[in-house]
Amino acid sequence: TASQALLWTDSRYFLQAAEQLKGTEWILMQQFQPGVPDLPEWLLEHLRGRRVGVDPALLPAETADAWRAVWGAEVALVEIMGGLVDPLWRTRPEDPCRPIQVHPAALAGESVRSKLQRVRA
186 TASQALLWTD
196 SRYFLQAAEQ
206 LKGTEWILMQ
216 QFQPGVPDLP
226 EWLLEHLRGR
236 RVGVDPALLP
246 AETADAWRAV
256 WGAEVALVEI
266 MGGLVDPLWR
276 TRPEDPCRPI
286 QVHPAALAGE
296 SVRSKLQRVR
306 A
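Residue 186 is where the sequence shown starts when you use this note's numbering, and the numbers rise one by one after that.
No lab work stands behind these hints: they were computed from the structure.
For each residue, glycine too, the CB sits at the ideal point set by N, CA and C.
Take these hints with a grain of salt, some might be off.
Claimed, not checked - Simulated restraints on C-beta separations: (1) G257 / K300: 40 to 50 Å; (2) C282 / D250: 35 to 45 Å; (3) P278 / A190: 20 to 30 Å; (4) Q189 / L243: 49 to 59 Å; (5) A306 / R235: 40 to 50 Å; (6) P289 / A254: 15 to 25 Å; (7) L273 / S296: 38 to 48 Å; (8) Q201 / D223: 16 to 26 Å; (9) R233 / A291: 52 to 62 Å; (10) Q201 / P245: 20 to 30 Å; (11) G257 / R298: 45 to 55 Å; (12) E226 / R298: 42 to 52 Å.
The task is simple: from the sequences and hints, build the whole structure.
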């Protein structure tokens, strides 16, 4: 919002997010933890009558439909094509470009050939 910067994430990223947000104005919202509001409910409470922009390439249609069901006409969901952050992130480092590494089947659980056959079937 204009006055708050909040990041919702699930437990897979609690430690990483806490570390990366340290020293910033961002507040970590640890999803599914006691006392932490659900994102669509928080948005409804704080952005009633407003619009929420999302990148449709990153937000599943099922999630968008569920949010709309919670919000009704109270909050408008607006699809922003091309991403929301990329145009603003001027100091973004280049993506690393390294050769692909094939892990041995003992580590990967099965061979590349076996995985490809399974995926293509």
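Here is how each hint holds up against the structure:
For the hinted restraint 40 to 50 Å between G257 and K300, the CB-CB distance of approximately 44 Å keeps it satisfied. Between C282 and D250 the C-beta distance comes to about 37 Å, which sits within the given range of 35 to 45 Å. The hinted range of 20 to 30 Å is satisfied by P278 and A190, whose Cβ atoms lie roughly 21 Å apart. At roughly 21 Å, the beta-carbon separation of Q189 and L243 lies outside the given 49 to 59 Å, and the hint is violated.
Between A306 and R235 the C-beta distance comes to about 47 Å, which sits within the given range of 40 to 50 Å. Restraint check, P289 to A254: a C-beta distance of roughly 47 Å breaks the suggested window 15 to 25 Å. Evaluation of the 38 to 48 Å hint for L273 and S296 yields a pass: the beta carbon distance comes to about 43 Å. For Q201 paired with D223, a C-beta distance near 22 Å keeps the hint of 16 to 26 Å intact.
At about 55 Å, the beta-carbon gap between R233 and A291 stays in the expected band of 52 to 62 Å. In this structure, Q201 and P245 meet the distance hint of 20 to 30 Å, their C-beta atoms being roughly 22 Å apart. At about 51 Å, the beta-carbon gap between G257 and R298 stays in the expected band of 45 to 55 Å. In this structure the supplied range 42 to 52 Å holds for E226 paired with R298, their Cβ-Cβ distance being about 47 Å.
Hints 4, 6 from the list above are not met by this structure, while the remaining hints are.
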